[in-house]
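One letter stands for each residue in the lines below.
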Amino acid sequence: MGGLPAGPVERGEHDEARSYADWERRVDAMAVLMAAHHITVDERRRHIEQLPPEAYDRMSYYERWIVSLTQAMIQRGVITTDELGRKMEEVRKRG
Amino acid sequence: MRETGNYQPYSYFQLMEVSLRELLVAKGLITEEQVSREVQAMRGRTPERGARVVARAWVDPEFKRRLLANGSAACEELGLELPALKLVAVENTAKVHNVIVCTLCSCYPRMLLGIPPHWYKSRNYRSRTVREPRAVLSEFGLDLSQEIKIRVHDSTADMRYLVLPMRPAGTEGWSEAKLASIVSRDCMIGVATPKALPAPTAP
Amino acid sequence: MVEARFQPGDRVTVRNTAPLGHIRTPFYIRGHSGTIERLCGRFPNPEELAQMRDGLPALPLYRVRFLQREVWPDYRGSADDVLEVEIFQHWLE
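Protein chains in written order, with our numbering: chain R, 1 to 95; chain Z, 1001 to 1203; chain B, 2001 to 2093.
Just so you know, these hints were derived from the structure itself, not from any lab. Here a beta-carbon is modelled for each residue, glycine too, at the ideal position from N, C-alpha and C. Accuracy of the hints is not assured; some may be wrong.
Here are a few chain R residues that face chain Z, going by a calculated C-beta distance under 8 angstroms [said to hold, decoys possible]: (1) MET1; (2) ARG26; (3) VAL78.
In silico DSS-like cross-links for lysine-lysine, where the CA-CA straight-line distance does not exceed 25 angstroms [stated by the list, open to error]: (4) Z/LYS1064 with Z/LYS1086; (5) R/LYS93 with Z/LYS1027; (6) Z/LYS1178 with Z/LYS1195; (7) Z/LYS1064 with Z/LYS1027; (8) Z/LYS1195 with R/LYS87.
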């Protein structure tokens, strides 16, 4: 997106690295760990690029990355859509 | 690993993170301990690491020469473990100012500087820095004369970048630790320059 | 090993094509000409890595320097301001 018109760069108060939530840090951690299983950053970037434009804009940085990592796992057959769905249901119920 | 603090239901994406993690653990691809260790390791990577490299380059011209020739190798001399980082250090001078951006995503020397700031990943920074760097720098409070040439580095592939800022006047005789204390993350991205006003706790 | 066709100082032009898939050559630089600043090394092709292939053989990656005033028609900075971008050999001619 280099060179496209855009607005001023906002630097909020919550600029510091410590403002990242634990779940976001775990997304980064899982991405690093999965690199040992040959899930490259290039593959994860492709999944980000394949997000529909509206979704890209609506989602935060780490929301995009967890979706991208999960898509990569599904595409590779490491997990299935069904497994993910059942697990998400289970986690939601237990809270 | 449930969030501590006030109860809030998981967002869809937090649900996905927990679920993916539990599935990967169940399948033996990762362990919870590995995740915790990696999170800790990442917390330990702060801009102070980069600041040490800059301070060393300021006091040791031969180190600086090696840093500019091979960024990763020079950092490793200081005992900084930088797995897979291919670092290019670019030097600010009286005539040249460098600034780093990744227009395609948010490539950043994380192993050296930690997690990038939110603004570095923003659409606005990524779109405008390649095209109107002086306007962007001005918004950061850095107004550079036309006599100074600006080099914008778009981190598009495998290299990662560290700006080696100019050592400010008024720092003669300072220890490396004191010098490092005035080198902020923003100076090493190129949107700020260091000032000879050390943090109160520096020796 | 894939031969490095270019040397620092060589004048090169970025190919102006827009195929599908993951590409690390930014749109804004395609079609523009610049000079080779350095050979960074050889790296697996990210276009292939993105598709779960090994990206081998590793391809020469260069840093290419462009004059800002030649890239952006409305550029208002110094005439010497430059933009340096990493570009894989197969995108350069």
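Now for the hints, and whether the structure bears them out:
{"no.": "1", "hint": "MET1", "result": "5 angstroms, holds"}
{"no.": "2", "hint": "ARG26", "result": "6 angstroms, holds"}
{"no.": "3", "hint": "VAL78", "result": "7 angstroms, holds"}
{"no.": "4", "hint": "Z/LYS1064 with Z/LYS1086", "result": "17 angstroms, holds"}
{"no.": "5", "hint": "R/LYS93 with Z/LYS1027", "result": "22 angstroms, holds"}
{"no.": "6", "hint": "Z/LYS1178 with Z/LYS1195", "result": "12 angstroms, holds"}
{"no.": "7", "hint": "Z/LYS1064 with Z/LYS1027", "result": "47 angstroms, violated"}
{"no.": "8", "hint": "Z/LYS1195 with R/LYS87", "result": "52 angstroms, violated"}
Checked against the numbered hints given earlier, this structure breaks hints 7 and 8; the rest are met.
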